[in-house]
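Protein chains in written order, with this note's numbering: chain A, 146 to 480; chain B, 146 to 480; chain C, 146 to 480; chain D, 146 to 480; chain E, 146 to 480.
If you're looking for bench data, these hints aren't it; they were derived computationally from the structure.
Hints are not guaranteed to be accurate.
Since the list gives no way to pick one copy over another, a pair counts as held whenever it fits inside one copy or between any two copies.
Using 25 Å as the maximum straight-line C-alpha spacing, the simulated SDA-like pairs for lysine to any residue come out as follows [as the list claims (entries may be wrong)]:
id, residue 1, residue 2
1, Lys422, Leu480
2, Lys289, Gly213
3, Lys375, Ala210
4, Lys375, His206
5, Lys289, Arg189
6, Lys422, Asp330
7, Lys349, Gln227
8, Lys375, Gln225
9, Lys375, Ala202
10, Lys349, Glu309
11, Lys230, Val245
12, Lys375, Gly213
13, Lys375, Leu217
14, Lys230, Ala278
15, Lys230, Val432
16, Lys230, Glu309
17, Lys289, His206
18, Lys230, Arg345
19, Lys475, Leu461
20, Lys289, Ala278
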Amino acid sequence: MLVTLAGEAARRGGTVTVSDWAFYRDGQRQDADYDAAIAAARDRQGFVWIRLHEPAADDLHRVAADVGLHPLAVDDALDQRQGTKIGHYDGLVYLVLRRVRYDGGVRDAGRLTVLATAEVVVTVSEGDPDPVAVIAERLEARPKLLGHGPAALLYVAADATVDEYTATAETFEADLTDIEAAVFDDASGNQAGRIYHAKRELLKLQRAIAPLGTPVRSLSQHLPDLIPAKVQTYFRGVADHVDRLHAQLGGYDEIIGSMLQANLAQLSVAQNNDMRKITSWAAIIAVPTAIAGIYGMNFRDMPELRWSFGYPGVMLLMAALCWMLYVNFKRRGWL
Amino acid sequence: MLVTLAGEAARRGGTVTVSDWAFYRDGQRQDADYDAAIAAARDRQGFVWIRLHEPAADDLHRVAADVGLHPLAVDDALDQRQGTKIGHYDGLVYLVLRRVRYDGGVRDAGRLTVLATAEVVVTVSEGDPDPVAVIAERLEARPKLLGHGPAALLYVAADATVDEYTATAETFEADLTDIEAAVFDDASGNQAGRIYHAKRELLKLQRAIAPLGTPVRSLSQHLPDLIPAKVQTYFRGVADHVDRLHAQLGGYDEIIGSMLQANLAQLSVAQNNDMRKITSWAAIIAVPTAIAGIYGMNFRDMPELRWSFGYPGVMLLMAALCWMLYVNFKRRGWL
Amino acid sequence: MLVTLAGEAARRGGTVTVSDWAFYRDGQRQDADYDAAIAAARDRQGFVWIRLHEPAADDLHRVAADVGLHPLAVDDALDQRQGTKIGHYDGLVYLVLRRVRYDGGVRDAGRLTVLATAEVVVTVSEGDPDPVAVIAERLEARPKLLGHGPAALLYVAADATVDEYTATAETFEADLTDIEAAVFDDASGNQAGRIYHAKRELLKLQRAIAPLGTPVRSLSQHLPDLIPAKVQTYFRGVADHVDRLHAQLGGYDEIIGSMLQANLAQLSVAQNNDMRKITSWAAIIAVPTAIAGIYGMNFRDMPELRWSFGYPGVMLLMAALCWMLYVNFKRRGWL
Amino acid sequence: MLVTLAGEAARRGGTVTVSDWAFYRDGQRQDADYDAAIAAARDRQGFVWIRLHEPAADDLHRVAADVGLHPLAVDDALDQRQGTKIGHYDGLVYLVLRRVRYDGGVRDAGRLTVLATAEVVVTVSEGDPDPVAVIAERLEARPKLLGHGPAALLYVAADATVDEYTATAETFEADLTDIEAAVFDDASGNQAGRIYHAKRELLKLQRAIAPLGTPVRSLSQHLPDLIPAKVQTYFRGVADHVDRLHAQLGGYDEIIGSMLQANLAQLSVAQNNDMRKITSWAAIIAVPTAIAGIYGMNFRDMPELRWSFGYPGVMLLMAALCWMLYVNFKRRGWL
Amino acid sequence: MLVTLAGEAARRGGTVTVSDWAFYRDGQRQDADYDAAIAAARDRQGFVWIRLHEPAADDLHRVAADVGLHPLAVDDALDQRQGTKIGHYDGLVYLVLRRVRYDGGVRDAGRLTVLATAEVVVTVSEGDPDPVAVIAERLEARPKLLGHGPAALLYVAADATVDEYTATAETFEADLTDIEAAVFDDASGNQAGRIYHAKRELLKLQRAIAPLGTPVRSLSQHLPDLIPAKVQTYFRGVADHVDRLHAQLGGYDEIIGSMLQANLAQLSVAQNNDMRKITSWAAIIAVPTAIAGIYGMNFRDMPELRWSFGYPGVMLLMAALCWMLYVNFKRRGWL
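Just chain A, with the same shape it has in the complex (with noise of 0.2 Å):
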C-alpha cells in the first residue's frame, strides 16, 4: 500500500510517497489528516509513524526534511557499510538493525531502520516480506505499551529482531541435531564436511548478533528523555534476552567442536568395521588355501590320498574349520 504525503515537503516542492503512515495518540491509531497530525505531535499530543520499504535515497531525505530529521543522522544511519548500531543526535535516536535468515546458510536479510524523536518515528526496510508488518501489529495489540510513545517503537523493533534471531538460532539448532544424528548413526559416514559448514555458518551468526547487545543494552541505561523508565526495563529484558542468545550460540560452538572429535571416534570404529569384515573373510578363506596345499604336495607317500573317504572328508574338515572360524568371529561381532 502507497501512501502520499501533502506535507511541507509536498509545499517545498514535491510529493513523497510512502508505504504507510501512522498516527498514535493515548496507545490508539488514531484517523487523521497527515499535516494535523504531526501538528499534533508537535504538541506532544501522540506521534506520527512514517514507514518506508526501501526507498530512493532522496525520498528519504525528503520525508526526514519533511519531518525535521537531521541530515548527517540520516545520512550515517542509512549507510551500507554499517551494521547493527545505535547513535543519537540531540533529541533523535536511529537504530539501524541487521536481520539475518538461515536457510542451510545464514543470509542477510537486509537491514531495518528506525529514527525516532519525541514526536515523529520514520522506520525505514528493506527485504521480503516487511518487517515492519509484524512490528506495528505487536504494538497495535499493546495499547499500554504504545502509550509510552516512540519508545515503544523502538522496543517492539528491537524485540521482533532479537526474536527474528533467536528463530534463527532455532533453525540452526535443527541442522545442527540432524548432523548429531548423523555422526552416531553408523550408516551414515564421515560428516566432517557437515559439520566444519555449521561451525562457519556458527561464526556467521555469532558475527551478525555480537553487535546488538551494546545499543540495546545503552537504550536501558541511556537517554532518559525519550525512553520512559518503564520501557528501559523492557530494553533491559531485550538486552538480557541477547545474552542468553549469545550464550547459547557459544554452546552450540562447544556442541561443533565435540562432534568433529566424535566424528572422528566414528569414523574410525566405522572403518575399522569394514576392515575386520574383509581381513576376518580373508582369514576364513586362508585355512582351506592351507589344507589344499598340503593335500597338492607330491610326496609317494601320503596314506590320505589312497583312502577312499579321504577327499569328501578333507572337504568336511575345511568346511568345519571355515564354520568355527566363522561362528568365532561371528561372535566376537568382527562379522
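Got chain A sorted already, so can you dock chains B, C, D and E onto it with the hints?
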C-alpha cells in the same frame, strides 16, 4: 492441603484457595486467624507466608491484591519466558528460581517464585514434589534464622535451590564416572556417543546454573532494608557455593574434553589389537601354505618326496614353525 | 614529482627536496607560494601538507625544523624498531602506521608516518606504490571533511590503512576458501601443510593489526584541541572497523582449527577407501586361489577331475564367485 | 602431649585438655603459669597460643569461652562444609586452611584453623602428623618475626600451608615426568589412562588451591589493626607464591593436553610399526608361495622341471628373493 | 678487574673489593677519587655506580652500609627464592631481573639486581659473561640518556634484559622452524617428542618472562621522584616490548598446538603410504599365485596344459597382469 483465605480479598468479592499459609513471629509459627495475622504483620509483629502451588493466574492476582503486592511485579515474576532472576519494586523483592532434575538428561523441574515484602511472603511453586515443603521444614528447624523475617525465607529458598543443583551435579558426576570406567574398560568399545551426550547435558546444566549467581550475589550486597546484615552473610555463603558449583561444572567440562581424546586413544589401541590378532593368524597360516606349495612343485628330481619320512617330517616342520610363530606372537602380546 | 622547498630551511642553509607539498584552505587545495602558505597556516588560515617518500633522515629533520616540529618527536616517530603507535608532544600528534601486504604470505609493506600540528602536516611514507597518493585523492574528494583541517588527514590516513588491512584479510580469506575446497575435495589429499602455513600467516596478520586499535580509539576520545568532535566520530567508526576486523581474524583462527580436524577426518576416510579397495581385491583373488588349491590336491579319488565339464565348470564357478564378491563390494562402496 | 588448662574455664565448671599451649613475649617463649599468661596477654604483654588437635566441639567451645572468642566465629570456623576461607568478627580473625596430600591421587589432609585476636591464638588442627609442630618450630626459629605477635603466627600458618601445596605440586610433577617418559618410551604402550587420571587429580589440586589466594591477599592489604605493615609484606610474598603456584598448575594442565596428543601420535607410530612388521613378513612369505605355485602347474612342457639343478635352483631363487625383501624392509626400518 | 673501595666502609673496619665502580656527572664518566665521588653524589652532583659480580653476602652488606642502602632492602633483593620483582623503600628502588639462556632448553642464567637511590646505584650480577659490561657500554654511548642519572641505569638494565629475552625467543623460534621443517619433511617421521619438548620449554620461557611486565610498567608510571618523565617514556617503550614479546610467545604456543595436529596428519599419511606400498605388492603377487593355482589343478581334461606354448603363454600372462597392476598402482601413487 488446601486452605481458604478469608481476608480482604474475600470481602472484595471472592475467596482464594491456597495450598497453605502460616504466620511467624519471633522465629516460631503462631496459631492465628488470617485477618489478625495480616494485621499483626502490618504492625511488623511477624510476617505471613502464603504458599501457592501451580495456582491459576487469577488466584495469584487476587492473593497479591489481598496482601498488597504490586500487580506489575506479579506479572513480571510470573512471565513463563523468564529464567532465574531477581527484581525489586520499592519494598518488594521477587526471586524467580528455575529448578532442574537429572535422570540421564537435564530436565526442567519447574520454577519457584518468592515475592517478599517486610510483612508478607508469597511463594509460587511448580513441579512435583512441591519444593516448598522442604523449605518450610528447614526454616522452622532454625528459629534463630527464622527470627530474621522474610529475608530468612528468601535465603532458605535460594539455599535449597542451590543444594538441588549441587545434588543434580553429583548425579551427573556419577554418570560421568560410569562413562569414564567404560572408556578405560577394554571390553566396552567406543564411548564417543555417551561422552558427546554428557557434553550436551553439561551445557544445559551450566546454562541453568549460570543466571543464579547474580541474584544471590545481589542479595548479599544490596537491599539492606529487607535483608539484615546477618542474612547477607548467609547469602554470601550461598553465592560462594554457586561459584564453587560453577568451577565444578567447568572441571567436568575439561574432563569430558580429555575423555573424548582418551576414548580415541583407547579405541585406536583396541582396534589395533583386533587387527593384529587377525593378521597374526593369517601370517601363521601363510607358512604351511608356502611349504606345501614347495612340495607341490612338479620337479622330477625332488629327493624329499621319495623319503619315507618325508611327508610326516614336513608336517612336523609346518607344525613346529606355526608353533614358533604362535609363541612369538603371544610373547609380544599380539595374540 | 620532486619539489624543492624554498622556505626558512633554505635560508638556514640549504634546500630540501620533497615529493610534493600542498596548501589547503576551506576544504580546497590552493595555489600559493610556499612561504605565503606557511605564513597563512600560522594565522590558522588553512594548513600545509608536506609529503616525503623514503626521505634521508637529514632531509626530514630539515623539514621538521623548517615547520617547527619538535626534533624529539621526529626521532621517536622515525625509530625503525617501532611498530604502529601514536604519540603526542604538546600540540603535535604523530601517528605511525605499519602496512602489510599478502601474497600467499604476510609481508611488511613499509610504514606511513603522519606528524600533525594545527598548522602543518608532514607525512613520511615508505613502499611502492606511495600510499600517500590514495590519501590525497580521498581527501580532496571530500571538501567538507577536508575543511576540518589536519585532523581530516589523520583520519583519512588511518582509514586508508585499515582499508588496506581489510583488503589483506580478504585476500587471505580467499586463500582459506581455496584450502577449504581442497580439504573436502577427495582427490587433493593431505592439506595439513597448507593449513598450518595459513595459521602462521594469520598469526602474523593478527600481530600486525593488534596495535592499531589503541591509537585509533585514542584519537576518537582524546586530544580535543586537534581533533574536532565531528572527526572524533569518524575515528570511532574506524575503531569499530578495527574491532570488526579483529573479530573476523579471530573467526579465521577458529576456522583453521576446525579445518585441521576436518582434514584429519577426510584423510582418514580417503586412506581407508584406498586400503579397502586393495584388500577387497586381495579377497576377490583369494577365492579362486583356494578353489584351485582344492582341485590341485592329489587324492586318488576325486570324481570331478574326471568329469569332462569339470575344468570349465570350476572356471565358471570361480568367475561367478569373483563376480558375486565384486558386486557385493561395489554395492557397499568398497570398490 | 596433653595439657590441662586451669583457667577461668575451669572455674566456670570444668577443665579442658589441650594438646599444648605456650606464652610468647618479645619473640621468645616464656615459662609462665596459664592464668598469669592470660593476664599478661590482656595487658598486651605478649600473647598466648593454645593448640588443639582434633578436639571435641565441646572442648573447643569451652576454650573459646575461656579466652573470649565469639561463639559465632567459632561455629563458622568449624563448619565442616567450609573450605579454605577467612573471616573476621571485630578484633578476631579466623583463617581456615584445607590441606591436601598427594600419593598418586590428591587426598584431603584435614584442616588447620587459626583463630587470632591481639591477645590469644587458638589453632585447631586435624590430620596426622599434626601440622602445628612445624609451625611452632618455624616460628620459634625467627624471634624477630615472632615479635610481631599473633600476625606472625597467621603468616607462618599460611606460609607453611602454601609450602605444603608446593611440595604436593612437586610430587605431582614427578608423576607427570614419569608419565611423560612412558609416553615417549616405545615399549610402554598406551598411556591415555594415566594421563587422564593425572588430569583429574590436577583438577582436584587446582580446586584445592584456588580458594587460597583471596584470604592471603586480603591479609596483605586489610586488617591493619591486627597485621603490622611488615607482616603484610610477608603476606604479599605468600600471595605471590600462591599466584606462581597457580601459574605452575596451569602449565601442568597445558602439558597434560599436549601429552594426550603426543600419546596419540606415539600410539599411532607404535601400532603402525607392528602392522608393518606383520605385513612385511606376510609379503616375504608370499613370494616363495607364488614361485612354488608356478612350478606346481601341470603343463606338459615345462623344461625346468626336468633340469637336474631345477629344484635346488628354484629353492635358491626363493631364498634369494626372500633375503632381498628382508634386507630391503630392514633398510627401510619396517622390520 | 677488581677494585678496592677505600671509603667509609674501610674506615668502619675493612675494605671491600668490587668488580668496578664509576662516577658519572652530566652524562660523562668522570675520573675521581672514591670519597670525593661519594661526596659529590651526596650533593646531587652526579651519581656513583658500584658493580659487584657474584659478591659474598658480607661484601654486599658492607657496600650497602657504606653507601647508605637500607639493609632490609638488601636482604629482600638478595633472597635467592625471589624471581623478577621490583621493590622500593623510601628513596630506594631495587629491581631484580632473572635472566635466561636457551640452548635447546631454557636455562636459568642468573640474576641481575639493581639497587638505586638518587645518589648511588649498586648492581649485583650473576652468570658468565657479566651482563653489566653490556649495560655500561650502552649507557656510556648515550650521554643524553645518562644525564638523567640513576633512572637511566635502571632503564638500560631493564631494556638489556628484555633484549636478552627477545634474543632467547628468537633462538627458540629458530628451533621451532627446524621442527616445523621436520614435520613436513616426509622422510623425518614422528616429531611428537620434539614438539612436546618445545611446548615444555616454551612454558618455562613464558613463566620466566611473565613477572617482567609489572615492574617495568610500574617504573613507567610511578616513582616520579626517582624516574624523570622522559625516562618514564622509555620505560613505557620497554613495557610495550614486553607485551609484544608476550604476544609472540602466545603465538608460538598456538603454532605448537597446530604442529601437534599437523604432525598427526603427516604421520597418518606417511604410515598409510607404507601400508599401501606393502599391500599393493602383496596384491601384485597374489595374481600369479592364483593363476599358477589354476594350472596346478589335476583335471584330466585341461587342454592348455598340452599346448606347447601353454607354459610360456601363462608366464607371459602372469607378467602382463603384474605389470598392469604395477602401472595402475604407480599411477595412483600407491607405489
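Each hint tested on the structure:
no. : hint            : result
1   : Lys422 x Leu480 : both (5 Å within a copy, 15 Å between copies)
2   : Lys289 x Gly213 : between (27 Å within a copy, 22 Å between copies)
3   : Lys375 x Ala210 : between (31 Å within a copy, 21 Å between copies)
4   : Lys375 x His206 : between (32 Å within a copy, 21 Å between copies)
5   : Lys289 x Arg189 : within (17 Å within a copy, 35 Å between copies)
6   : Lys422 x Asp330 : both (19 Å within a copy, 23 Å between copies)
7   : Lys349 x Gln227 : within (16 Å within a copy, 27 Å between copies)
8   : Lys375 x Gln225 : between (33 Å within a copy, 20 Å between copies)
9   : Lys375 x Ala202 : between (35 Å within a copy, 23 Å between copies)
10  : Lys349 x Glu309 : both (15 Å within a copy, 22 Å between copies)
11  : Lys230 x Val245 : within (15 Å within a copy, 29 Å between copies)
12  : Lys375 x Gly213 : between (27 Å within a copy, 20 Å between copies)
13  : Lys375 x Leu217 : between (30 Å within a copy, 11 Å between copies)
14  : Lys230 x Ala278 : within (22 Å within a copy, 32 Å between copies)
15  : Lys230 x Val432 : neither (75 Å within a copy, 71 Å between copies)
16  : Lys230 x Glu309 : both (17 Å within a copy, 23 Å between copies)
17  : Lys289 x His206 : between (32 Å within a copy, 19 Å between copies)
18  : Lys230 x Arg345 : within (24 Å within a copy, 33 Å between copies)
19  : Lys475 x Leu461 : within (20 Å within a copy, 30 Å between copies)
20  : Lys289 x Ala278 : within (19 Å within a copy, 38 Å between copies)
Of the hints listed earlier, the one the structure fails to meet is number 15.
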